[in-house]
Each structure stands twice: as structure tokens, then as C-alpha cells.
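Undergrad: Residue numbers (the working numbering), protein chains in the order written: chain L, 1 to 568; chain V, 569 to 637.
In short, the hints are calculated from the structure, not lab data. What you were told as hints is all true, and nothing was included just to trick you.
For lysine-lysine, the following DSS-like pairs were computed, each having C-alpha atoms within a straight-line distance of at most 30 Å: (1) L:480 / V:574; (2) L:99 / L:35; (3) L:487 / L:147; (4) L:338 / L:327; (5) V:571 / L:338; (6) V:571 / L:480; (7) L:414 / V:570; (8) L:338 / V:574; (9) L:481 / L:327; (10) L:481 / L:329; (11) L:412 / V:570; (12) L:414 / V:572; (13) L:412 / V:571; (14) L:327 / V:623; (15) V:570 / V:623; (16) L:487 / V:570; (17) V:571 / L:329; (18) L:338 / V:570; (19) L:487 / L:409; (20) L:338 / L:487; (21) V:572 / L:409.
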Amino acid sequence: MLKGRKAFMINPVPPCIIFLLGALLIPLIRPRALKQAYLLLVPIITFLDILKLKPGVSWTYKFLEYELIFASVDRLSLCVAYVFVIIGLLAIIYSLHVKEDGQHVVAFMYVGSSLGVVFAGDLFTIFFFWEIMAATSVFLIWYSRSKESLDAGYRYLLVHILGGCCLLAGIIIHVSATGSITIGPAGGGLAYWLMMLGFGLNAAFIPLHTWLPDSYPRGTLTGSVFMCVYTTKTGVYVLARYFSNVEFVAYMGVIMCVYGVVMALLQNDARKLLSYHIISQVGYMVAGVGIGTELAVNGSIAHVFNHILYKGLLFMCMGSVILMTGKRKLSELGGLAKYMPVTCVCCIIASLSISGAPGFNGYVSKGMVILAAVEEHNPFLELMMLLAAVGTFLSFVKLCYYTFFAENKEIKAKEAPWNMQLAMIVTAFSCVLIGVYPNVLYHVLPYAGVESYYHAYTADHVMGVVQLFLFSGLVFMLAKKLFDPHKVLILDLDYFYRMGGRAIAWSCDKIISDSRVAVQKIAIRFRVSIVSLGDNPFLSPKRRPVGMGAGWAIVFLFMFGLIYIIVG
Amino acid sequence: MKKKLKMIFFISLGLSIIIGFPIHKHHIAFFWHEIPCIDAILGVLGTLILIGAKKTVALFAQREESFYD
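Can you build the whole structure from these sequences, using the hints too?
TA: The structure is reproduced here in C-alpha cells:
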């Protein structure tokens, strides 16, 4: 039962409740128009609920001898919750045409459990919602109903169960050692690393990242929009709570930045390219968390906010392209700008946003994280993030060019349904709004007063980014052939997992199975020889030879005689 | 149309160098922050490094699409 400390004084409820209970009613509502209205109403009510929440409010719950904090509100949780619900609403608009209730139910539960993680005030509550997230999101992959998605879903589930086990083990060790279940900076030891592993897996730490580019491209077209938002960002959010100002995390962040862009540049599948860019962009956020200064954490959370918008938009655009053309590979696409102008413009806006071009939201937050690295006097972090920025720009020049502008006379398409276009337009507008007027974002960041010490639009910053892009664009133009998409598969580190899996399967099949057969053969021979002892040795040799039975009888008879003579 | 776009692109390149040259960075932490138009140089170098990295990874990790099937 929910017990409110201040709940009796205020009207709002924990936001996750609205989505989780709202999900259960979806199959019961008829007709379709009413259902669509209901789907929109739930996130709107949740957003109004969050607007009423004030930092300091919490809901507690008695469980065994622990007082669990079901929801606890502060500036950090509010900032992330705002964008989770905003993109939740936009993703729901994008998927309004989906007729399958199940897809809506799991999407709502996924959003609800993500909000549960954001507002969770203790370790057990985090773990509870963490597992619901994994269990519900896998259905967004399986609803594609292809063999590929089924396999990818199982791999996704296995990896997340492993991460969940690590997290639970870490929590149990931490609680038994300290007796505390509250959320705060982690100490050290085994519990620390197990929890880092559990959270880092969701944040796609290298080499734990392979579930992401494996599963996201195989999700449903609408499901991928939800998936690209919540899992990795909750990972970053909990890292900000537990592992802020940890050097290892900062270095892991920049490794993710560069690894993601190099792998993205090699991809042919549009959604796989976007998936690798999630790893790269999450790298900026993780690096910001690791640096740990006020500017860095603000930059990291600002990048969570912005990334959710432009990455959601990119998945929406590519989802529309795949829906309308049936093609998902860059080598098969091209020339869509004249058939899908709205999608094309939205995709260009999202590409400029993720690249960090002035006037778009990515510019504001990426600049904050890079500046934080400069202020910490860490040249490696700065240069790696700049390298990743160049790679991001190149990737999205490639994506836009080969999808919308490259020559392809075979392809014909029309614009996506109105709801998909509406969602894309509103999301694109949000990217531009924050880019042009970043104060909207500054006001909700965890550390107040960011506008007093960070100015996004300085001449050197704007000109630096313009030069970076123009000159990397020049090399792209001169060496365009090197960026051509090819119909190939690029192995990732999951090769080792998969080969390990195959080795286990092979050893089960060959070594263990063959050993079993060999043992079985020996046992059968032994049994046959024992049974043959009971054979009648005087049977006609025509029917069967005297054989072993007679031989053993003679041996026993001889032994008996010998013992009789010796003892007697 | 393509020619016009190319011309605009090259004019932008030139302008970015001319305008960017006298602009100095606010936060100077490392020696390269003092080099004029360093971001243009980083853009070219970064792209070349990424092309090299991309080629190296492809050399070891490129397989046929049906590899796992």
C-alpha cells in the first residue's frame, strides 16, 4: 500500500503509476478513436502530474524491515522525467496507427518502468523497475515477428538478465555490508564494480554494448523509437547518481564516443548506423558524468535531454523511410528527397542536431561537455570528443546523402501517415527551439544558474564548429567513394560471445554427447557379458557357441576347486 | 545546381578561414588552442584518422551478410 509522507498534502502521484496502470486499460477500450485519445491522454496527464511535483517530495513504502522510497523528487529526476514523458507522447503519436494493443501495452509499461527508475529513491526499487524495463522492452523487438528479431530478442534478454544479476548481487553485497539501501555515490569493492557492471551494461559500456546494435535495428518501426530513448538514458541517469566524478567512467565515455562513430561509418543498415551513434552520443554523457564537475554533469544531463529528442527523431525518420519503401539498407535507398520532403527536412534537422551544428540542440549540450573536459585540463578527453564530433558529422552526411539525395531511379515512395509526420515535425521543432533558445533547457538542469557561467553562442565556439564541419565535409567530398555503403556485415565484439556460445553448443554436442555414448557402449558391453554368465553352456553349438558363459563357469569352477583344496 | 552548390561550399570554406582567423579561443588550456583556424585542421586530420580507422576495422571485421546464418 502506498504511504505518503507528504502525499496527503499534495495531489500528484508517482508518475510511473499513471503509465503502468494506464497500460492495463488499453485492451479494454473500444472503439479505436477512443483508444487513440486515451493513448494520448495518459502521457499528457503524466506530464501535468510531473509539473506539479516539487523537489523534496517522496513516497515511502514499508517492505520487510526496510522503508523503501518508491519515488523521490529532485531537480535531476525532474529534468529526465520531463523529456521521458515528452518523447513518450511524441512516440505514441508516431505509433497511433498501430492496431495491435500488445505493442501499446508493452510500450506504456516500458515508459512507466523507466519513470519508476528515474524517481526510485532506493536500490531495491531501482532494481524492481530496472527488471520490468528489460522484460517489457524485449517485446518491442519480438513484435517484429521475424526469425531475426526473435533471435535478437533472446540475446537482448540474456544480456540484460546477466546485467540484472550483477546489479542484484552488487546491491545485496552493498546492503549487507553497509545496511543502507539509499541512493548515493557508491563506495568501492566488489559491490561497487558489480553495480557498475549492471548499470554500465544498460549504458552500453564497451565491450558490454553489443546488445544495442544487435537488437534496436530489429525492433518494430515504432518500438525502436521507444527503445532508443529509455534503456541507455536510464543507464546514464543512474551513473550520474552513483558514479559521478569517477575517472574510469570519463575514459570509458570517450572510448564509447570514438568506437561508436568508427563502427557507424561502416554500417549499411540505416537503423544499425543510428544504433552505433547511440553508443557514441551516450559516450559524451558518460564522459560528462565521469568528469563530474557542475558544468560536466549539467552538460551530460542536457545531452540526455537533447539526444532523446534528436535520436527519437532520427529513428522516426528512418522508420518512415523503411515503412514507405520496404528498404532499410543505404545501398538500396536514394533519391527520396522529392518523394518524402517532410521526412527529408526532419532528418536533416536531426542530423544537424546530433552533429552539434549551431542553431540546433546538440550544439548546446555537446559544447558543455567538451568545455568541461578543457576546464579539467584533460587533452585526451577533449581530442577524443572532437574526433567523435567529426565522425558524427560524416556519418550523418552519409546517411542523408545516400537516403535522400543519391541517384536511385528504381525507388518510388510517398510520405508516411499523418501521425508519423506530425510526431516528426513537433520533435524537429523542439530540436530547433532548444538550439535557438537554450535557456528553456538551462532552467531544468540539475545545477541551477548554468547560464551565468556557460555561454553557448560565442564567436570562437560557433566558428570552431563551422570550420570543423566544413573541412571534414571537404574531405568527405574528395573521398566520397571511401564512404560508399556496401552489402557486407561488420563483425562487432559480439563475435566472441557468439563464437563462445557456439563452442559451448559444440562441446555439448560433441564432447559431452560422445562421452555419454562411449560410456553407454561400455555399460552395454558389461551388461551383455554379465547376462551371458547366465547362459546355458551346454546348448547346441549349432544354435549358439559355448562362448563367454561357459568360459566364466569353468573359471569359477576352477577357483572353487582351488579354494576347496587349499582350505580343505 | 550541383555546380552552384559546390561554389557556395567553397566560398563558405574560404569565408570561414577569413572570418575565423582573427577570432581567438576564450578557453586556452592547451597549445593548440592558440593556433589560428585549428578547428579546420582538426576537421581534416580527424576525417583522415577516421578513414584510416574505418579501413583497419573493415580489414579484420568485414564478412558476408549471411555470415551468422
